[in-house]
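Number of protein chains: 2
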Amino acid sequence: MKLATVSRGAGTSTAAVLVDDLWRRLPAADLGAWLLAEQPAEPGEPLPGWGPVNPLPRPGKVICCGLNYADHIAETGRDLPSHPTLFAKHADTLLGPAEEIVAPKDVALDWEAELAVVVGRPIRGADRDEAAAAIAGYTVANDISVRDWQRRTVQWFQGKAWDRTTPIGPVVVTPDDLDPLAGVAIRCRVNGELVQRANTRTLVFDCATLLAYISTFTALRPGDLVLTGTPGGIGAAMDPPRFLADGDLVETEIDGIGVLRNRVRLLP
Amino acid sequence: MKLATVSRGAGTSTAAVLVDDLWRRLPAADLGAWLLAEQPAEPGEPLPGWGPVNPLPRPGKVICCGLNYADHIAETGRDLPSHPTLFAKHADTLLGPAEEIVAPKDVALDWEAELAVVVGRPIRGADRDEAAAAIAGYTVANDISVRDWQRRTVQWFQGKAWDRTTPIGPVVVTPDDLDPLAGVAIRCRVNGELVQRANTRTLVFDCATLLAYISTFTALRPGDLVLTGTPGGIGAAMDPPRFLADGDLVETEIDGIGVLRNRVRLLP
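Those sequence lines, one after another, are chains V and E. With full-length UniProt numbering applied, the first sequence covers 1 to 268. With full-length UniProt numbering applied, the second sequence covers 1 to 268.
Please note that the accuracy of each hint is not assured.
What the hints assert, rightly or not - Computed footprint of chain E on chain V, listed as stretches where at least three residues anywhere in the stretch have a Cβ under 8 Å from a Cβ of chain E: (1) 57-67; (2) 79-85; (3) 143-156; (4) 159-165; (5) 216-226; (6) 231-237.
Claimed, not checked - Just the calculated beta-carbon pair ranges, DEER-fashion: (7) E:45 to V:100: 29 to 37 Å; (8) E:201 to V:100: 39 to 47 Å; (9) V:39 to E:12: 48 to 56 Å.
It is worth saying that the hints were derived from the structure and are not from the lab. A virtual CB, placed ideally from N, CA and C, is assigned to each residue, including glycine.
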């Protein structure tokens with residue numbers, strides 16, 4: 001099943017479910033609100049001409065895992081981790097699957113294609129099975145990072161939490177239709193050139209393990225979002241390093257979910 | 001002026017302002033909601049028998065600065081920083097000025113007395129003067145940290161974001177009545193023993209500088225909270241290291257604001 005927040009223009013939005021290639025209304029203003037209400041997915045009126053926007057405009061928590069693909073860990077010069085490396089960002093960082101990524105022109109903007117997990121049920125102190133059962137679905141994310149700010153200090157937050165730099169979407173696919181543990185391909189292209197390519201089966205910490213680990217110390221609620229980390233191929237690790245330029249098109253794709261297409265706009 | 005969220009028992013709460021030693025109602029369920037409404041502080045009905053609870057139950061952002069007092073930086077073995085070291089936690093970590101800090105008994109729980117700044121006006125891309133003018137007031141915080149989890153990876157979040165471990169309050173003092181730049185004393189006592197003692201005038205990055213820096217990359221809104229870092233004297237830096245035990249009383253005090261008194265309860 002594919003879920004989304006859809007819109008047909010400014011000021012309109014609703015949660016929706018895809019039935020026979022047509023979005024049909026679910027009774028909430030966005031998917032996050034619909035997940036929080038924990039209702040059954042009963043398709044309402046058809047919505048021809050409506051399309052996916054940011055599925056989760058206001059999650060209470062956005063928690064990210066870094067260093068979770070072996071090849072990316074190698075390119076940062078680190079050993080395989082014994083525990084997930086976690087950091088938080090805020091809802092303001094999120095934007096839709098086709099929106100512009102806007103940043104100042106003097107920062108080192110880099111890409112990080114990621115699988116993201118959407119929480120569907122409240123959990124705290126969950127074991128791995130309970131955490132797996134609490135997954136509402138999966139979406140695509142790009143944890144666009146301001147590398148020079150990220151590296152100013154030992155904590156990455158200030159390079160990760162720029163408003164409206166983390167595209168997510170276009171849809172949320174429920175676990176019955178997607179199994180990241182069995183493996184799905186994830187890719188990032190910049191202006192059509194493939195820069196990241198991996199398979200989610202090579203994640204060091206899988207989705208349910210991450211949710212269970214996080215739930216040890218904090219409650220996760222419907223609509224919360226967990227980004228699972230990026231594979232190798234970031235611009236900062238290239239020789240010479242490569243960063244995003246004004247006008248670049250970043251495409252982030254996961255098979256079975258869809259593609260984010262975000263144009264970069266750097267302001268003077 | 002002293003502002004607070006006050007309560008006279010479960011299920012009751014209101015924003016309030018202190019007038020002649022008596023809390024008087026402000027028209028919002030808590031201080032965060034009142035700040036968001038940006039109304040003048042017109043004291044309503046007197047509230048005898050009501051007392052301060054967590055002043056900000058649901059801030060949109062809680063951003064923390066680490067490594068911001070020279071003596072604490074020295075005890076961690078680092079050089080003075082060129083930029084603030086920032087990380088985020090969530091509203092769920094906060095609790096009131098007299099509530100129990102609850103954690104499992106097998107973790108290394110440590111204290112971090114801090115001055116916290118409460119945002120009063122929306123800012124983004126603010127300079128230092130605009131940031132100073134956006135400060136609603138100051139409160140006391142203790143960024144209680146789970147050191148063993150904090151040190152599992154290079155990112156501190158998982159040692160900082162345990163639900164209900166960061167007491168704040170008891171009141172928020174407006175800038176006309178408190179000037180951390182001129183200097184106020186901050187202390188932490190454990191079971192009456194003084195473990196941290198410093199003056200806010202020795203902060204490397206002062207409150208307005210921190211707010212302006214953060215506003216470069218993310219919007220700050222009324223009710224958002226910025227913790228400014230802890231001085232020297234944490235338990236982990238003692239020889240041998242000392243961590244909080246079940247039943248310990250942590251008192252966190254800033255002159256001109258007040259005292260947090262939180263009992264530690266470690267669960268089997």
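So, going through the hints one by one against the coordinates:
1. 57-67: Holds: 5 residues of the stretch 57-67 of chain V have a Cβ under 8 Å from chain E.
2. 79-85: It holds, with 5 qualifying residues against the three required.
3. 143-156: holds (count 7)
4. 159-165: holds (count 3)
5. 216-226: That given contact holds, which follows from 3 residues of the stretch 216-226 of chain V lying within Cβ reach (below 8 Å) of chain E.
6. 231-237: violated (count 0)
7. E:45 to V:100: 29 to 37 Å: violated (50 Å)
8. E:201 to V:100: 39 to 47 Å: holds (43 Å)
9. V:39 to E:12: 48 to 56 Å: For residue 39 of chain V and residue 12 of chain E the Cβ distance comes to about 31 Å; the hint is violated.
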